[in-house]
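Residues per chain are reported as follows:
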Amino acid sequence: MLDDSRSAGSAPDAAGRLRGHRLDMDGVRVRYGQTLAVRDVTLSVEPGEMLALLGPSGCGKTTLLRTVAGFIRAEAGRVLVDGAAIDHLPPGRRGVGIVFQSYALFPHMSAAENVAYGLEARRLPKAEIARKVDAALAAVRMEGFADRRPRALSGGQQQRVALARALAIEPAILLLDEPFAALDRSLRLDLQLEIKRIQRRFGVTAVLVTHDQDEAMSMADRMAVMNAGRVEQVGAPAEVYDRPATAFVAGFVGTTNRLPGRIEARDGAGYRVRLDAGATFAVESARGFDIGARVVLCARPEQLALRDGADAPDAFPARLRQSLPLGPALIHDIEAGAAELKLHAARHGAPPAPGPVRVALRPDATPALFPEGETT
Amino acid sequence: MHRYTGSDRLLVLLIVALAGIGFLILVGPVLVVLVTSFTSSRALRFPPPGLTLQWYRDLFDPVRSSQIHVAAGNSLLVAALTAIVATSLATAAALAIARTRAGWARFAEGGFMAPLVLPGIAFGLAALMFFSWLRLPPSLALLVAGHAMIAAPFALRTVGAAAAGLDPALEESSAALGAGPWRTFRRVTLPLIMPGVAAGAFLAFVSSLDNVPVSLFLASAQTDMLPIRLWGMMETALDVRVAAASGVLVAVAFILLLVMDRAVGLARRMSG
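In order, the protein sequence lines correspond to chains U and C.
For the first sequence, the numbering used here gives the first residue as 803, with consecutive numbering after it.
For the second sequence, the numbering used here gives the first residue as 35, with consecutive numbering after it.
So that you can see chain C by itself, here it is in the shape it has in the complex (with noise of 0.2 Å):
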């Protein structure tokens, strides 16, 4: 039997303490969100006097929060189209770099994932000046360019290990069949990485949907995103609707990473 040392203590200790605390710091703001989104308060304000279900009633009402509805329905689209463009452009990607060894697939697959470090408030920038330099004007389109940017590592990375533990010999074998490329791909490579495209589309739209950043420069009063309007109505009033928008948004989430974990095993994917 292995005996821990005074040391081995220490290290268990020390690792449970920074678990503790990064379980904290990330859980601890959104909880203490959910309770606020309760407050019978006229503001934001914790810990709350009393308990109310009415800013939810607000953020319902079609007449009162129209401007947060119309928000809301451009950022579902976009981050909907988000998802579809972003995983597709990944999907080819992820395949094209799967299936070479060349060294320009690894310099690729570095240029794929870059928007994941590059900071978001310089891309946004940088996206806003390139489009005004084109004379485009803005518009859900240009907003969905811009998400699909941001987005596509996270598809590149779930749909390129899906890829990767893909048998070469299954699509050798299927062209051996006489199956021509698309129906190889429609056939044979698109359901066996398909677990990895969900799993890739499900985080494109999540990371679209609470995207500020790109959104801070690429909206407008015509494509208002819902972030920037909660970020607008937090600036001007504490509103305490953005608390209720906040709890609704975080819910919604849970949810589809639930539906998402127990189809595709998401946890599985994202580490792998």
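Chain U with its partners taken away, still in its complex shape (with noise of 0.2 Å):
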């Protein structure tokens, strides 16, 4: 009943689901007092897609969300829905849900109430009310709490019934502030797996924010690493985590050893490198590097192994300080000159005894070298 078709949002199809619509953010730059909070981001959603924005707190993912919902005014730059930009609009005429870290459901209004209300701004007729209010909860199964206050409700159910506020709009874009973060953990992974059910159900385009690596590998189907108001790698989780794009990426996300050292020669597809510890190990990289650079090379915890044998070239000696179990596998905490590394193992048997040991790259480990000032 809006008077513009697209901040009406998705028009559901004849399978009942919305159809996706595509978000960009075309060089978006906002600026706090002197801050540059988020830097010229360019940034596309494809219809139906959910894109995680993850970075550490302070990174601009917050601020870049709420750009896009129309909270915060950007320097420059635009955001677009399926093409049409829709930085003069207001956030109730953007055609986006939102749902926020602290729900913001209004306390002094039933689960019904809460989810009515965006559908009582846009004056739809009752009747028509009640039946997508019904839908609605519904489709995150809280058909059952329709009268209860805010209060009365845990947080996941809390949280579904933001959701279903959000989704009752038929919004052209979700917007998901943080959504897990005031969960208990052990609730988490089954809300995400229900959220992003409903998420595929629904067909809709959605933004997630998250810190939480765990949570964007989940559930987006790519995720932009941001840091310093910067992205600085987008792709498909498994992408990022294998071939990470820089120091920063390699790091937050994932775990990660960092072994300096030095471009020794080119080695077919990459580089010999010679590390301070004390091993040559050959290294593909797409990168250039001089012959003789100082590099950092990134390894994953999995990609390196124990070696037995005293003085294999391909090995750097190191101290075994201990070893955990973790679940199925064994962390070995070792210690290799200034280095301290993290490598994942299978268990079986009784763990090494710490001492002496000898530490050399899995062979089909694709570790990531960087540049040494980049890294952070």
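In case anyone wonders, no lab produced these hints; they're calculated from the structure.
Quantities reported herein were computed from a predicted structural model and do not represent experimental measurements.
Be careful, since some hints might not be right.
Said to hold, decoys possible - Below are the SDA-like pairs computed for lysine to any residue, each with C-alpha atoms no more than 25 Å apart in a straight line:
#1 K928/U <-> R220/C
#2 K934/U <-> T218/C
#3 K934/U <-> L204/C
#4 K934/U <-> E205/C
#5 K1144/U <-> Q1105/U
#6 K934/U <-> R220/C
#7 K928/U <-> E205/C
#8 K928/U <-> P225/C
#9 K934/U <-> E206/C
#10 K998/U <-> A983/U
#11 K934/U <-> R221/C
#12 K928/U <-> V293/C
#13 K998/U <-> V1036/U
#14 K928/U <-> R221/C
#15 K928/U <-> R217/C
#16 K934/U <-> R217/C
#17 K998/U <-> G850/U
#18 K928/U <-> G214/C
#19 K928/U <-> Q903/U
#20 K998/U <-> A203/C
#21 K928/U <-> T218/C
#22 K1144/U <-> Q1124/U
#23 K934/U <-> A203/C
Join the two chains into one complex using the hints; note that each chain is given alone, in its own frame.
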């Protein structure tokens, strides 16, 4: 019933699914006083896709989300839905549904009244509102709690009502601002799976802001890793994990071991790297390095292994401090000169005794190389 | 277990003594007035030689106390209007202050709270001079304006506390769901700060009802106010109806206080 078809959100198709909408951020720059919170970010979210904005606190991910929502005005750049700029529209006319970290349910209204709020603001007929409220609550399996006040709901239930409220207005874009931060860890995975399922079923384009890499990994189709107002890498979670584009991404997504060294020679599609710890590794890398350049080799805990044999040239000496069981795996806590390393190994038999060991790269491992100065 | 030392005991004793003296000074005179209002003597005297309801009958007699009734009507009307005006202004100010971290907000808050420490006599005189410079004749409207100045800080305090406790995401949520500013205020903000608003309105009402210094300057023969009329009756004759009127005021204030505390937890809000 809105005069503007775009801000009216998505019309369900024959199968009851929402038509996915495309979201583009084009050179978005946001300034708070003297500091640039978001530095010329260009990102696209495909129709029906869930994109995670992942980064440490203060990296600008929430600011970017709030700019898309319309709470913050960008200094430069544009936000587009289906190719049309929405920068001039107030939040309520952008066709965005938001789930806040605090859920922001209206405490003086029942679950059903909360869900009806956006529909009433759109002045839909009463019968239609009632129908859509029932459908939205059913979609999040909260139909039995329609008359409860938020105070009488658990955190997970409140979150589902907040999701129902955001989806009831049939938004073009769903924005999720750290939606799981306030929940118990044990509840999170269940709700992540459920929200992911609902998002898929509705076919709604979604942006998820989180500082939790596991959350981004498990929910997002693609993730954009942000640092200091910039997007450092965009890609599928596995791709970002396996091939971090920057030293920051390597350190922030997953655990990484940093081994300083020097480029010794070119070697096929990469380089031979002489580590300061005392071994030479062959590492594939698409980046250009000069011979003799200082580099940092970033290896995942599962890319390194303990090696028997006194002086294999492709292993360096280190000292095993302790080994801790972590579910099916074993974590080796290792000291190699100034560096502290973590190694993942399968757990079978008794753990090795602490003392001198040799550390090598697994044969199939693809660690990343970065210039020394880039490491943070 | 913590053991009380000698100085601990002394401190406790001191606090109890001070609280007792404070209680006596606050409540004692009220009790004296209440007892006096039932005196059978023809003048204000304590302790009363005998008890009677005579003075309450006189007070409510429409003929003998018509002037008091006119003044009371004016006072109630001005207090009600003051409550509305002061609470509306204070609500607008409190919401604006709660929504910004800018330096001017702290400055503005200080400005709004200033009437609390400004001597009422000085403000009353200033208001009188200001209004007569504008060539405005004395009226109930001017009394409301003057009282609202004095009463607004009370409302600002309670509404401000309620507004500060409001999650900003609630109003953002409302806006994102398509509600305009007016709908957001009516459906979300106002219901959530309502206890603070009601408490503020009550405090504004009471502070207007018993205001003397501002009324002294701004009231005229046509706009007689109850406290001024009572004062006048005291000056000319020690009329016992003054004590009876005080008794009625104390009783009304006490009942209102109980009602408000039950409804919105007034005591908690004033300390917050």
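Proposed proximity, A203/C with K934/U (alpha carbon, max 25 Å) = Holds, because 24 Å separates the two Cα atoms, which is no more than 25 Å.
Sort out whether Q903/U lies within 25 Å of K928/U, counting only the CA atoms.
-> Distance of about 30 Å is beyond 25 Å: violated.
Restraint status (C-alpha distance of K934/U to T218/C at most 25 Å) = Since the Cα atoms of K934/U and T218/C sit roughly 21 Å apart, the hinted pair holds (cutoff 25 Å).
Given pair status - V1036/U, K998/U, alpha carbons within 25 Å = holds (20 Å)
Straight-line alpha-carbon gap K1144/U to Q1105/U, limit 25 Å = With a Cα-Cα distance of about 10 Å, the restraint between K1144/U and Q1105/U holds, given a limit of 25 Å.
Is the straight-line distance between the alpha-carbon of K934/U and that of R221/C 25 Å or less?
-> holds (20 Å)
Measure nothing beyond the straight line between the CA atoms of K928/U and R220/C; if it is 25 Å or shorter, mark the hint as holding.
-> holds (20 Å)
Given pair status - E205/C, K934/U, alpha carbons within 25 Å = holds (23 Å)
Does L204/C lie within 25 Å of K934/U when you go C-alpha to C-alpha?
-> holds (22 Å)
Sort out whether R217/C lies within 25 Å of K934/U, counting only the CA atoms.
-> Holds - the C-alpha atoms of R217/C and K934/U are around 21 Å apart, at most 25 Å.
Measure nothing beyond the straight line between the CA atoms of K928/U and V293/C; if it is 25 Å or shorter, mark the hint as holding.
-> violated (37 Å)
Proposed proximity, R217/C with K928/U (alpha carbon, max 25 Å) | It holds: about 17 Å lies between the C-alpha atoms, which stays within 25 Å.
In terms of the numbered hints stated before, the structure departs from hints 12, 19, listed from lowest to highest.
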